[in-house]
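Engineer: Taken in order, these protein sequences are the chains called R and F.
Numbering (the working numbering) for the first sequence: 664 to 1133.
Numbering (the working numbering) for the second sequence: 20 to 294.
Be a bit skeptical, because a hint or two may be false.
Claimed, not checked - Derived EDC-like pairs: lysine to aspartate or glutamate, alpha-carbon spacing no greater than 16 Å straight-line:
{"id": "1", "chain 1": "F", "residue 1": "K277", "chain 2": "R", "residue 2": "D1013"}
{"id": "2", "chain 1": "R", "residue 1": "K991", "chain 2": "R", "residue 2": "D1001"}
{"id": "3", "chain 1": "R", "residue 1": "K854", "chain 2": "F", "residue 2": "E59"}
{"id": "4", "chain 1": "R", "residue 1": "K991", "chain 2": "R", "residue 2": "D678"}
{"id": "5", "chain 1": "F", "residue 1": "K277", "chain 2": "R", "residue 2": "D1014"}
Source of the hints: derived by calculation from the structure; they are not laboratory data.
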Amino acid sequence: MPIVYPTKIEMPALDPLERRETWDEVAVGYTVERALAEARRCVQCQDPVCEQGCPVGVPIRAFVRRVALGDFEGAAELIRTKNVLPAICGRVCPVEHQCESRCSVHGRFDPVGVGRLERFVADWERAHRTNGSAAAVAPRPEKIAIVGSGPAGLTAASDLVQLGYSVTVYEALHAIGGVLRYGIPEFRLPKAIVDEDVEHLRALGVDFETNVIIGKTVTIDELLGDLGYAAVFVGTGAGSPKFMSIPGENLKGVYSANEYLTRVNLMRAYSFPEYDTPVKRPTRAAVIGAGDTAMDAARVSIRLGAQETHVVYRRTQAEMGARAEDFKRCGEEGAIFDWLTAPVRFLGDDDGCVRAMECIRMELGEPDESGRRRPVPVDGSGFTMEANLVVIALGTNPNPLIPLTTEGLETNPHGCVVVDPETGRTSREGVYAGGDIATGAATVILAMGAGRRAATAIDEYVRSKAPAAA
Amino acid sequence: MATILERRELTPVTKLFVVRAPLVARHARPGQFVIVRVDEHGERVPISLTDFDPEAGTITLVVQEVGKTSGLICRLEAGEEMLDLAGPLGQPAPLPDTGHAVLVGGGFGAGAVHPIARELRARGVRVTSIVGARTAELLILRELLEPVSDGYLPCTDDGSLGFHGFTAQLLGDQLDEGAGFTCCYAIGPMAMMRAVAETTRPYRVRTFVSLDPIMLDGTGMCGACRVSVGGETKFACVDGPFFEAHAVDFDEAVVRSKMYVDQERLALELAAAGR
Chain R
664 MPIVYPTKIE MPALDPLERR ETWDEVAVGY TVERALAEAR RCVQCQDPVC
714 EQGCPVGVPI RAFVRRVALG DFEGAAELIR TKNVLPAICG RVCPVEHQCE
764 SRCSVHGRFD PVGVGRLERF VADWERAHRT NGSAAAVAPR PEKIAIVGSG
814 PAGLTAASDL VQLGYSVTVY EALHAIGGVL RYGIPEFRLP KAIVDEDVEH
864 LRALGVDFET NVIIGKTVTI DELLGDLGYA AVFVGTGAGS PKFMSIPGEN
914 LKGVYSANEY LTRVNLMRAY SFPEYDTPVK RPTRAAVIGA GDTAMDAARV
964 SIRLGAQETH VVYRRTQAEM GARAEDFKRC GEEGAIFDWL TAPVRFLGDD
1014 DGCVRAMECI RMELGEPDES GRRRPVPVDG SGFTMEANLV VIALGTNPNP
1064 LIPLTTEGLE TNPHGCVVVD PETGRTSREG VYAGGDIATG AATVILAMGA
1114 GRRAATAIDE YVRSKAPAAA
Chain F
20 MATILERREL TPVTKLFVVR APLVARHARP GQFVIVRVDE HGERVPISLT
70 DFDPEAGTIT LVVQEVGKTS GLICRLEAGE EMLDLAGPLG QPAPLPDTGH
120 AVLVGGGFGA GAVHPIAREL RARGVRVTSI VGARTAELLI LRELLEPVSD
170 GYLPCTDDGS LGFHGFTAQL LGDQLDEGAG FTCCYAIGPM AMMRAVAETT
220 RPYRVRTFVS LDPIMLDGTG MCGACRVSVG GETKFACVDG PFFEAHAVDF
270 DEAVVRSKMY VDQERLALEL AAAGR
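The task is simple: from the sequences and hints, build the whole structure.
Structural biologist: Below, the structure is given as structure tokens:
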């Protein structure tokens, strides 16, 4: 085994105190020197097990080798063969559960920083992009419709347009990107990056239609009928927020994470009144939940001026869903974590604004069906936590709009569209689905993987239906 | 982008727009709404459909100037564009096929009453429309509503036209006189809809109100528009906007509608001062 430098090369980041005042991106990324040093930590295993951990199969060993050799363009080309949104994935992938968890130096040492390197390569490519168009492919006569412009839809669109199809992406909101636009904040994923990736897809020939709510403005039946699409990919995500159904939940100042983040990210409420959409500015904020979205909501609260921000979770740090890096940053910025704590009621003031939460402490009991130990209330542990803004970040349910308006589209009891996981094929011929609409709330990269598999399956399906070439 | 084909001034603060939106017009049903955003810094606001014409590919919207955003919309001219327009959103109003419906429209809510009246008439339901305003000049869209109503009863707070008093008072008088309404639909200011609900409650007339809470995306994604109906939380954008009036928690709805009054006032002041 070669000598390996034991720790990951640090990625420079803004000072935590400075971050509280700015929406700029927190992590500033590797310099060339740091990227070279980190890439050289890779031992170039015979069997690159890290690649099995990547839902879209990025050729990690090969691209890291190109980085180590200083061939960043070559690295970018290799990544692009499998990942159309590398600048985004390099920032938001939970690498510690994917590629990096399988790294063969992991255990003895820090794993190779695959996520940081992917980001470096993608940013280098963005800075040096020569705007080369894609290799010319024979155009195909068929049109494909993509419903939803989040990570699943963008990936499927990219693959299908490069196979020669005419591709139209329909988006319900006024801006492209889905959760990348409304969900993930600027300080973690600058919107300029999403804009550039969307522009890249436009340059490849993808057509984007905003303000079209499939199921309302146009139905799937019309897409497949009068509008002449050969197939439809549904990537509408898990957009319906979960609430807790506890007293006081409709007090002013109690938000779903979706609403809070959409106000801030999509509508730029942090720049009110320069932008017209308002958001409440907390002095004491409480975020319920401990996934990526909860960390985002806590860090948004800090930037909106909260003097104290609590992250309240009924289990412990070991069970939380958040990415390790963002959990660490959230703590650095001053969030206080209240593990084994659950709200039971929200208390309001005379104006109907939330002022506090009644909470109880929990302890962990036997494992539940998810395999995680079930939190059990501790008798007599009740206490009151002050908060004039509460964000409920307990996850989302699949968006019901398309299942409700599309006949013959089978869903499971959770409201997810039932698909063949290998192909994304649904119960309705010509309709494919993937991402959170099929799996329930998951990650950007899993949605991208599903978009890619569905694109392959759609291509096979369309070719099988096409009249044999003369 | 949606082009404004026609703009009419209904009152000094209320404007009617005919907008080109063929896909919305084709799928629209009575009781639905659209979300509009006017510029790159703008809010997304819900606006009820006053009319839709699938053949012409147009929809009609009535907007009353109350805050900054509605002011911006009202100043748009024919030939200009609404930057973003999405719909039709919400559930169609639940409508019967028989009976005698009373429709109550207050202020600019009279516009949204129109497609419901038209549809009910087409189904063979008898329609009485009660339309209220502060004073005669502010009473809008009589020419649209009267032809699709079996009875058209205007009322004004100052008595300058029709019944002297509030719509709910006239509704109460009609019920007392045995008008025989089998269902009621109310669209207008929250106080009016609440008064209508209280008026019909003792008569057990099934009553629907069109709730207009603060919305953001309008597609069920955020929950900003949640309302309590019969003890259950509903999203007005996807479950409504029409709800059984006698089950609606109006106290909560009124409180929630005032979530951003300070910011709304500030935005309006800055807009008036030309920023």
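Engineer: Does each hint fit the structure? Answer for all of them.
Structural biologist: Here is what the structure says about each hint:
no.	hint	in the structure
1	F/K277 / R/D1013	13 Å, holds
2	R/K991 / R/D1001	15 Å, holds
3	R/K854 / F/E59	15 Å, holds
4	R/K991 / R/D678	13 Å, holds
5	F/K277 / R/D1014	9 Å, holds
The structure shown violates none of the earlier numbered hints.
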